[in-house]
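Trainee: Keeping their order, the protein sequence lines are chains X and A. To convert, note that position 69 of the first sequence is 68 in numbering that gives the first Met the number 0; the numbers rise steadily by one, no gaps. To convert, note that position 163 of the second sequence is 162 in numbering that gives the first Met the number 0; the numbers rise steadily by one, no gaps.
Since the hints were made in silico from the structure, they are not lab data. Treat the numbers as computed from the prediction; the structure is a model and nothing was measured. Check each hint, because a few of them may be wrong.
What the hints assert, rightly or not - Ranges between beta-carbon positions, derived for each pair:
id, chain 1, residue 1, chain 2, residue 2, range
1, X, L50, A, S14, 25 to 33 angstroms
2, A, P90, X, S19, 43 to 51 angstroms
3, A, S29, X, N18, 31 to 39 angstroms
4, X, L61, A, S21, 48 to 56 angstroms
5, X, T32, A, N71, 47 to 55 angstroms
Note that CB positions come from ideal geometry on N, CA and C, so glycine has one too.
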Amino acid sequence: MDSFFDKDGYLNLDEAVMNSDSFKKIMEDDVVTDAELAEQTRKVSDLFRQLEKACNKEQIELIRKTFTEMGVLYAIYNYKELKSI
Amino acid sequence: MSAFCTKKQLQGDASLIPTIASRMESYFSSEGYSVQVQELYNGGSDISISKGGMFKAVLGMKTALKINLSPNGEGIFFDAGIGIFGLQLIPTLIMWYVAWPVLISQIWGIVKQAKLDDKALEIAEQVIAENKSHKPQLQSVELGEFCSYCGQKMPVGSIFCPFCGKKQEQL
Numbered sequence: 000m001d002s003f004f005d006k007d008g009y010l011n012l013d014e015a016v017m018n019s020d021s022f023k024k025i026m027e028d029d030v031v032t033d034a035e036l037a038e039q040t041r042k043v044s045d046l047f048r049q050l051e052k053a054c055n056k057e058q059i060e061l062i063r064k065t066f067t068e069m070g071v072l073y074a075i076y077n078y079k080e081l082k083s084i
Numbered sequence: 000m001s002a003f004c005t006k007k008q009l010q011g012d013a014s015l016i017p018t019i020a021s022r023m024e025s026y027f028s029s030e031g032y033s034v035q036v037q038e039l040y041n042g043g044s045d046i047s048i049s050k051g052g053m054f055k056a057v058l059g060m061k062t063a064l065k066i067n068l069s070p071n072g073e074g075i076f077f078d079a080g081i082g083i084f085g086l087q088l089i090p091t092l093i094m095w096y097v098a099w100p101v102l103i104s105q106i107w108g109i110v111k112q113a114k115l116d117d118k119a120l121e122i123a124e125q126v127i128a129e130n131k132s133h134k135p136q137l138q139s140v141e142l143g144e145f146c147s148y149c150g151q152k153m154p155v156g157s158i159f160c161p162f163c164g165k166k167q168e169q170l
């Protein structure tokens, strides 16, 4: 995958999620255990540390901005959903 | 689904919901869409409209335009938004999926561009309007003489009384 978008212009991150070993392994029994949650948290933390080492200051800023804005969207979307209940 | 949806309260009898659902199914099927209609316990209907390439599978689950028609007070509540086919667990996961707001806005944009929600609403309103025009209209009748037997006021020119059926003596 060399693009964040598929041929129709849709964000394709969910394909990466669905095909990831982490997701497949954790979801195969439809149960998420505390250990799996802790392991996935550690994995995400480690990846951010790897990113920091692999990227320069500007790239880190862009990554930070992307994650922040996505987080903002996720938060406000769910906030709006909750308000409409 | 409040952020990306079309909602409207329609002034029509709830008994028309199956007819509206059936009309939507016929129309969108003829346009090449895959349509699924599910009757609900509350007398409403869920209509799922999808088409390959237009809607995106998210975490492997098909998305679709989901139209919910529900009895609401004296009318019908129309609610169209992006929904998901499938089992309970995965759709719930999708709602928690961090990129879902991005994807739903992209898919909703395509739906708005194709005016699918507008067309569905137009069909619903059309069925309601047709039903109103087919209902027998109360005609205003000019009343004239009183019946010489029962005393009710009869329409002008009546030979027989519409209330007691007795023949009126012509003056």
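Trainee: Compare the structure with each hint and give your call.
Mentor: Status of the hints after comparison with the structure:
no.: 1; hint: X:L50 to A:S14: 25 to 33 angstroms; verdict: violated (60 angstroms)
no.: 2; hint: A:P90 to X:S19: 43 to 51 angstroms; verdict: violated (19 angstroms)
no.: 3; hint: A:S29 to X:N18: 31 to 39 angstroms; verdict: holds (36 angstroms)
no.: 4; hint: X:L61 to A:S21: 48 to 56 angstroms; verdict: holds (52 angstroms)
no.: 5; hint: X:T32 to A:N71: 47 to 55 angstroms; verdict: violated (43 angstroms)
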